[in-house]
Every structure is written in structure tokens, then in C-alpha cells.
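Letter by letter, the chains look like this.
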Amino acid sequence: MKPMQTLTQRLANPTRFMELSRAILPWIAGGAALFIGYAMYLVFFVAPPDYQQGETVKIMYIHVPSAWLAMMGYSIVALSSFGLLVFRHPLADVSAKAAAPIGAAFTLAALITGSLWGKPMWGTYWVWDARLTSVLILLFLYLGLIALRSSLEDEALAGKLTAVLALVGVAILPIIKFSVDWWNTLHQPSTGFTSTVDPSMRTPLLLSAIGFSLLFFALHLKAMQTEILRRRVKTMRLQEVERGERLFTAQAE
Amino acid sequence: MTGFLTLLKRDLALAAREGAALGTALGFYLVVVAMLPLGLGPDLKLLSRIAPGVLWIALLLAALLSLPRMLEADHEDGSLEVMVTAPLPLELAIAAKALAHWISTGIPLTLMAPVLGLMLNLDIALTPMLVATMLVGTPAISFLGSIGAALTLKSRRGGLLLALLVLPLYIPTLIFGISAIGFASLGQDGASASLLILTAISLASIAAGPFAAAAAVRLQMS
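For the record, the sequence lines run as chains A and B. To convert, note that position 245 of the first sequence is 247 in my numbering; the numbers rise steadily by one, no gaps. To convert, note that position 128 of the second sequence is 157 in my numbering; the numbers rise steadily by one, no gaps.
These are computed hints drawn from the structure, not numbers from a lab. Here the structure is a predicted model, which means the values were calculated and not measured. Treat each hint with caution, since some may be false.
What the hints assert, rightly or not - Below 35 Å or equal to it, Euclidean Cα-Cα: the simulated DSBU-like pairs (lysine-lysine) are:
1. A/K121 to B/K38
2. B/K38 to A/K236
3. A/K60 to A/K224
4. A/K60 to A/K179
5. B/K74 to B/K183
6. A/K224 to B/K38
7. A/K236 to A/K224
8. A/K179 to A/K224
9. A/K236 to A/K179
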């Protein structure tokens, strides 16, 4: 009888991961397009302008999912790093490497949409309040991860060192999450998906959040596939070079 | 524990005999602070208002300059490998080196700050608070810095990368250091709360820093 394997153990085989991800990727990507498309339709044609914010409220439907994915992206990097350092899962490094630039992009999107919203609403593109500052630190952390990884030629070592840094940076996540509750800041506290938001706005926000999350997963899976293929190509090149060298020495003899 | 003390003494002796490293850090601190009034104009009111921030940021940069030396020299001459295989846990060895960095860099820079404060027309009444925040905050700089020094041990562009990795980790220290001085200058009673949070940050980095740094060193030695 074959021993029981958990899903993560079975996914440790890159070939199996490629098969599985190829099968589910179109569904996730399609779902993302569907959800985002429908949410944007609701945002632009159905959802009413806010009685205070007017049309600028529409920025929120991009801003909130981006901000949420900025943090989720870092959580994925951190979890993958943990999986790499503790369980030495072969795909953990691929996952951490693939998630970092995507998370950084969503962090940047959250900061940019936030500052575009801040200009008409707060009268300034940027304030140094706790939430904005901590998200900016998160962006720096992402950039640090990417820079550290690219600074080392030994890819295995680069992955592990980056994982150490990613775990050190986890301390920032609770600070971002609770910054609006701990400090009295300009950035409003999260309303969550509570009943204080009218359904006409809550539904598109929820759909948009689901859609962008699916988009994140689709990009993440695709980036992981690309990374696995890149590593395979690299190995094949090295083998090719080795075989060429053997041939060369054989001919010389 | 004797191993820890021996290593601490060795690093301090090296720092004292070399001298140049400390001199460079102090000189850098002095030059950066002296450049600012030249760039901003000699308005004493403005200088006195921004003095705490200038002194703190220049201190961070000066301490950052000396960080790579914490592990680099030992890595080059092979003594770091001896430390990895020694019976003394590597975490303690790193802690000793970070502590030596604090004593040999953090404290001298802190002691120099009041003098530079005079140059920037800092309110004399605020000087004790400035020194207090720096004394409490600089251990975080050394111990968080040890993580950065360990991570960039083998990378090609160590110094610049180190700044990119470590400066974001220093932001909380800077924020609470400045806010304590800010409360004190307004005569409000939030200063002690900020000082306590600053202490908490330092203690947390003393507790966690050596473990992360030791993990990074081990990965690069195996």
C-alpha cells in the first residue's frame, strides 16, 4: 500500500505541479477576468457615487483589493520562506521568488491609487501617517528581497538568504494591519465587509476583491511555471556544455 | 559564557587598536551634520527645530557605514568559519560581535550627538532626552544591523545592498526616537511611552537579531 501523502508533499514533484497548475490555471485566470470584469461593470455603471466622496470613491474598488493583496503577497513569501527553511520543500523557493515581484507590484498599486484618491479627498498626495508609512516600508522590504536575491550568483543560497530576510520582515504585517487602530491616523480604519457599507457598494467591492485575488493566484502560478521552466533550461544548458566538453576532450585524445 | 566574553573583548580590542573605523564613523557623523546648515542656510530657528531629526538620521547613516566591518574581516581571514564550528553557539558569537559594535560605534556616536547638537542650536534642555533615545535605540541599530551584515556577506555589491536591506528595518527606531524628543520639546507626557516602545524595539532586536544573523552565516558557510 502506498503511504499517504499530503497535497504539499505530492506537489513537491515539479512535474506533477506543472500538470496540475496547467489544468487549473485557465480556470483561475478566466475566473479573475470574469469577476474583475463584472465588478468593473458594477463600479462604473451601477454603483452610485458616494454622497461625500463623489466619483472618486471608484478608486476604492481598486485600492482596497491591491492593499489586501500587498499583505497577502508578503504572507505567501513568508510562508514559502518558512517552508523552504524548515521543510526544504523544493517548490517553496520557486513560490517565494515568484510572489515577491507580484506583491511589490500590488503594493505600488495600493500606494499610487491611495495617493490619487488622497489628492481630492485629503488635499494632498501623501501624508506621513502610520498606515501609509508602514505600507511604504513593506514596499522597501519587497525591494530588499528582490535586490538580495539578484545580488548572489548561487541561486540556492540566494533563495535561502532571502527567506531569512523575509521571515525577519514578517514583523511589519501586524503593524500595517493594526496601524489604523493603534494610532489615530488620517487613513480611516477598515470597515471590512460589514453592514456599514451599503450593498450597492459592498457587492462590487467584494467581487473586485475576489477577482484581484484570483488574478494574483493566476500570476503567481504562471510565474512559478516560468521559473520552473527557466531552471530546467538552465540545467539542460549546463548538461549541454558538459557533454560538449566531454566530446572535445575525447576528440583531442 | 567565557567564550562570549573573550570574543567581546577581542572585538573591542580590535576596534580600539584599529581606531580608524571609529574615527571614520565619528568623522562622517561630524561632516554630514556640518553639511546640513550649509545646504539649508544658517537660520538658527529652523536648525534648532530640525536638529533632533538631523542628528538621528546622520547617526543611522554613520552606524550603517561601519556595519559591514562587523563580519567582513572575520570572514576574510577565516575566523568566522572557526566561530561556526566552535562549541560556543554561533548565535552567542554574533551577539558578542553586535554588542562590541554597539559599544565601539553606537555609544561613541551617541556621546558625540550633544556636541553636534550645540552646532545645530538644539535646545540644551532637550539634550538629555536626545542622548537617552539614542542610548536606548542604538542597540537596535547594531543587532538589526548584524542581520544585514550576515545576509550581505557574500553578495557582490555588499555596501549599497546592506543599506537597502537594513534602513527599512531602522524606520521604527527612528520614528519612536524622534517622537520621544518631540513630546519632550512640547512638554507633553508621551515621551516616556515612546521611550518604552523604543526599548521594546531594541530588546526585540537583541533577542531575534543574532538568530537570524547566525542562520544567514551558517547557510553561507555550509
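Here's how the hints hold up against the structure:
no.: 1; hint: A/K121 to B/K38; in the structure: violated (56 Å)
no.: 2; hint: B/K38 to A/K236; in the structure: violated (48 Å)
no.: 3; hint: A/K60 to A/K224; in the structure: holds (29 Å)
no.: 4; hint: A/K60 to A/K179; in the structure: holds (23 Å)
no.: 5; hint: B/K74 to B/K183; in the structure: violated (46 Å)
no.: 6; hint: A/K224 to B/K38; in the structure: violated (53 Å)
no.: 7; hint: A/K236 to A/K224; in the structure: holds (18 Å)
no.: 8; hint: A/K179 to A/K224; in the structure: holds (28 Å)
no.: 9; hint: A/K236 to A/K179; in the structure: violated (40 Å)
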